[in-house]
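Peer 1: My request is simple: use the sequences and hints to build the entire structure.
Taken in sequence, the protein lines are chains A and B. Per the working numbering, numbering of the first sequence is gapless, rising by one per residue and ending at 204. Per the working numbering, numbering of the second sequence is gapless, rising by one per residue and ending at 353.
Since the hints were derived computationally from the structure, they do not count as laboratory data. Here the structure is a predicted model, which means the values were calculated and not measured. Some hints could be false.
[To be verified] Taking lysine-lysine and the DSS-like style, the derived pairs with C-alpha atoms no more than 25 Å apart in a straight line are:
| no. | chain 1 | residue 1 | chain 2 | residue 2 |
| --- | --- | --- | --- | --- |
| 1 | B | K243 | A | K62 |
| 2 | A | K107 | B | K326 |
| 3 | B | K247 | A | K62 |
| 4 | B | K113 | B | K83 |
[Stated by the list, open to error] A short list of chain A residues far from chain B (calculated; beta carbon distances all over 12 Å):
| no. | residue |
| --- | --- |
| 5 | T47 |
| 6 | D83 |
| 7 | P86 |
No residue lacks a Cβ here, since even glycine has one placed at the ideal position from N, Cα and C.
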Amino acid sequence: MTEGRAQAIVIGASAGALEALSVVLPALPATFDLPIIVVVHIPPDKRSFLAELLQAKSKIRVLEADDKEPICGGTAYFAPPNYHLLVEANKSLSLSSEEAVLFSRPSIDVLFESAADAYGAGLIAIVLTGANQDGASGLRAVVNAGGTAIVQTPKAAFASAMPEAAITMCPTAHIMSLDAILSFLHEV
Amino acid sequence: MKEIPAPEKIEDIEIRLLLEALYVRYHYDFRNYAMASIKRRLRQAREQLGFATISALQESVLHDTQMLPRLLGYLTIQVSEMFRDPSYFQAIREQVVPHLRTYPSLKIWIAGCSGGEELYSLVILFREEGLESRTIFYATDISQEALRTAEAGVYTLDRIQLFTENHRKSGGKSSLSDYYNAAYGRASFDKTLRQNVVFSDHSLVTDAVFGEMHLVSCRNVLIYFDRPLQDRAIGLFKHSLARKGFLGLGAKESLRFSAHSGSFKDFVREEKIYQRAGE
Ligand SMILES: C[S@@+](CC[C@H](N)C(=O)[O-])C[C@H]1O[C@@H](n2cnc3c(N)ncnc32)[C@H](O)[C@@H]1O
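Peer 2: Structural data, given as structure tokens:
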């Protein structure tokens, strides 16, 4: 699907995120060498245990992202509560407390748009389960920059609204079950 | 024949030129800010201010001084709260204040004070702890609009519930309602809170140290800078802090990667409160 080698993966998920990510991240082998940058909608005022929970089950490294951290392969970075997570052109991560977008901070759109700028055609973006519209316009930016867009099959998702909105905005996106997404990732 | 760059790259050129123009013309220096966020906000500005390209926006801001404050409104982020991250203020109260008490007079610098939320939080905390009358508070920002808001100390009432809750969680010893008057949907904070405050236009990028401080609180400003610029600002804090003075950063900011980290020690690690090493 991708022309040339993929350089990075971004994932957005909301309602039902933990279950979906618990299928995807733990299934990746220790040798998986792309970075994965993830925004999940989480409450702004509580510590998040997502990274710790998923690290316990995964063979790749799973972390909560730090400001200006260089992006490394084989690592999944999660946006911390109440901050947007962005990718810089020099392939490092930035946090920002600018306004919530579509009521969300972190916002999937903000991550996807900045990652599309940084990685262009080398980016794979995946929209998973969720009950809102976040990620749709970000996925569009990924497609416009030549990247690969993947959306979880809405019927199979815990919440279908977010994948549906993404498909409406990006009709050319590949629609896949979690299993299909996994076999795709095994081959990138 | 030379290759013509793809359209995204042209936007990057335009952004670089616009930031250069802002610097040369007005001495506002955003050239070393974290670009992903700057780019996002310049796109927003271009769209909402009605320009076809960033270059057109640049032409306008060069020739029309009215455009400058509007553009700065996009380039600086004014999101803030009173007692934001209550545990930070609790740590200041319980762990930093006992040290500050030992000084006969105090200077505190709130760098990047935005609309004053962090400033008033500290003034109220100092009043509760009986330190306000011996303290001068320097509240600085590059945004004139933010400084005006900070000096006015007026916030919409819908924000007060959160401020009150934060204040309580931070270990507040009084009721926040003691400090403001509510009328017409607005809360006006008492002008006596400003009696020891100096408001001033100051940039962490282009300006120098201006006094010897016992505490510098600079929260959620450094994340908008790239690494070398973060280091410049931290160097300023280092040079403005008295021996054993304190530096408080935002929840997601740290000295971990800084060239100056050797000049500080962790004081309350989880809250990103550091102490200047005494040499
Ligand atoms: C997100 S607000 C932080 C407000 C407050 N400190 C807090 O943590 O709630 C960032 C502030 O930094 C200011 N700022 C941006 N660049 C600056 C600079 N070079 N020097 C001083 N302040 C700056 C902005 O104008 C804005 O008011």
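Peer 1: Please name the hints from earlier in the document that this structure breaks, with their numbers sorted from lowest to highest.
Peer 2: Hints 6 and 7 are the ones this structure does not satisfy, whereas the remaining hints hold.
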